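What follows is the residue order along each chain.
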Amino acid sequence: MSAVLFFIAAIGAITGAIGVVTLRNPFYSVLALAFHLVSLAALFLLLRAEFVAAAQVIVYAGAVMVLYVFVVAYVGAGETLSSGGVLKVLGPLFALALAVELCIAMLGAGLKGVSSRGAPYVPGFGTPAHIGKLFLTTYLFPFESASILLLVAAVGAIMLARRRRGLEAEEQEIDEFLIRTPRPSYTGTMAEGGGVRPTPQDEPLHPEVRRADTGERVATASEAAGSEHQGGW
Amino acid sequence: MAIGWFLVVSAMIFCIGAGGVLVRRNPLVILLCLELMLNGANLALVAFARMWGTESGQIFALIVMVVAACEVTVGLGLVVAIYRRRLPIDVDELNELQG
Chain A
1 MSAVLFFIAA IGAITGAIGV VTLRNPFYSV LALAFHLVSL AALFLLLRAE
51 FVAAAQVIVY AGAVMVLYVF VVAYVGAGET LSSGGVLKVL GPLFALALAV
101 ELCIAMLGAG LKGVSSRGAP YVPGFGTPAH IGKLFLTTYL FPFESASILL
151 LVAAVGAIML ARRRRGLEAE EQEIDEFLIR TPRPSYTGTM AEGGGVRPTP
201 QDEPLHPEVR RADTGERVAT ASEAAGSEHQ GGW
Chain B
1001 MAIGWFLVVS AMIFCIGAGG VLVRRNPLVI LLCLELMLNG ANLALVAFAR
1051 MWGTESGQIF ALIVMVVAAC EVTVGLGLVV AIYRRRLPID VDELNELQG
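Line by line, the protein sequences give chains A and B. Taking this note's numbering, the leading residue of the first sequence gets 1, the next gets one more, and so forth. Taking this note's numbering, the leading residue of the second sequence gets 1001, the next gets one more, and so forth.
Calculated from the structure, these hints are not laboratory results. Please note that the accuracy of each hint is not assured.
As the list claims (entries may be wrong) - Simulated DEER-style distance windows between Cβ atoms: (1) A:Leu67 / B:Asn1095: 22 to 30 Å; (2) B:Gly1053 / A:Arg24: 40 to 48 Å; (3) B:Leu1094 / A:Leu140: 37 to 45 Å; (4) A:Leu150 / B:Leu1087: 23 to 31 Å; (5) B:Pro1088 / A:Val155: 24 to 32 Å; (6) B:Asn1095 / A:Met1: 49 to 57 Å; (7) B:Arg1086 / A:Ala119: 54 to 62 Å; (8) B:Val1067 / A:Ile14: 33 to 41 Å; (9) A:Thr15 / B:Leu1094: 27 to 35 Å; (10) B:Arg1085 / A:Gly113: 47 to 55 Å; (11) B:Pro1088 / A:Ala109: 25 to 33 Å.
Said to hold, decoys possible - Computed footprint of chain B on chain A; a stretch qualifies when at least three of its residues, placed anywhere within it, have a C-beta under 8 Å from a C-beta of chain B: (12) 33-41; (13) 44-52; (14) 57-64; (15) 96-107.
All values derive from a computational prediction rather than experimental measurement. Ideal Cβ placement from N, Cα and C applies to all residues, glycine included.
Whenever a hint applies, use it, and build me the whole structure from the sequences.
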């Protein structure tokens, strides 16, 4: 029974891992990783690590994956990039060589414990009570430094991802530049719509407008100036 | 199941993750592949904890999870910052730290 469960969970974990690497869309990669993490939690349960399995499902497959999904939704899938040239060939070769080396190391080690089913099971192995006791006694220092590390990471992420003042100022500058760009007269600006028409003396006409029909435009311009003096609307 | 089987699975997951880090160019997917490598190491740690019958390996696995969460937070913060600055989200073009 445990063998069947092991093979189901192991095949799920490995297919999930392959899916993360091979799927083109980052969103599907994130979903494949969630599947992989749940399968891995099943493997942890088979190794009698109940608390680690629960933390894996809640923290990893829950919180971290939600963070990933949010960022993928914010950034967008983007171009589905994969590396070109040398790494595309060398990457899988390196992975294969690493796998072969690790298998040789494991098979050639001749460790007796590796081929056994592990130490005899004691009741309460891997339960939250045991893990908590170890965290607060033997491993107190790693526990505290992990909490400080989490704090530092949270502050760092906020610092990195917040809206920069420099960037905003740059955007405002661009907007102001667009507003102050001199527009050619008689091209339907909002000021003209409100009846404020620049005279040709104030502002030279746009070269294209002048080229099209010079006389008429200038005449209307002077007319408009005259009507404005009479108090149009 | 013998402990060796779990170690073989963990080695395969680690190698798939390492290959993915080398092959993919999207920083988001590279972070996902780093997660794969960390999970492979986690599985080996928990398997050895089962082999020895002590919980120390599980403690290490939990600490690795904390470190992975920190790494993901900072990495995703960087990705969001890159996106805000309208830079290409491509690790081959983002090869300068300044600017």
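When the hints from earlier in the document are held up against this structure, which numbers fail?
-> Numbers 8, 11 - these are the hints that the structure violates, sorted from lowest upward.
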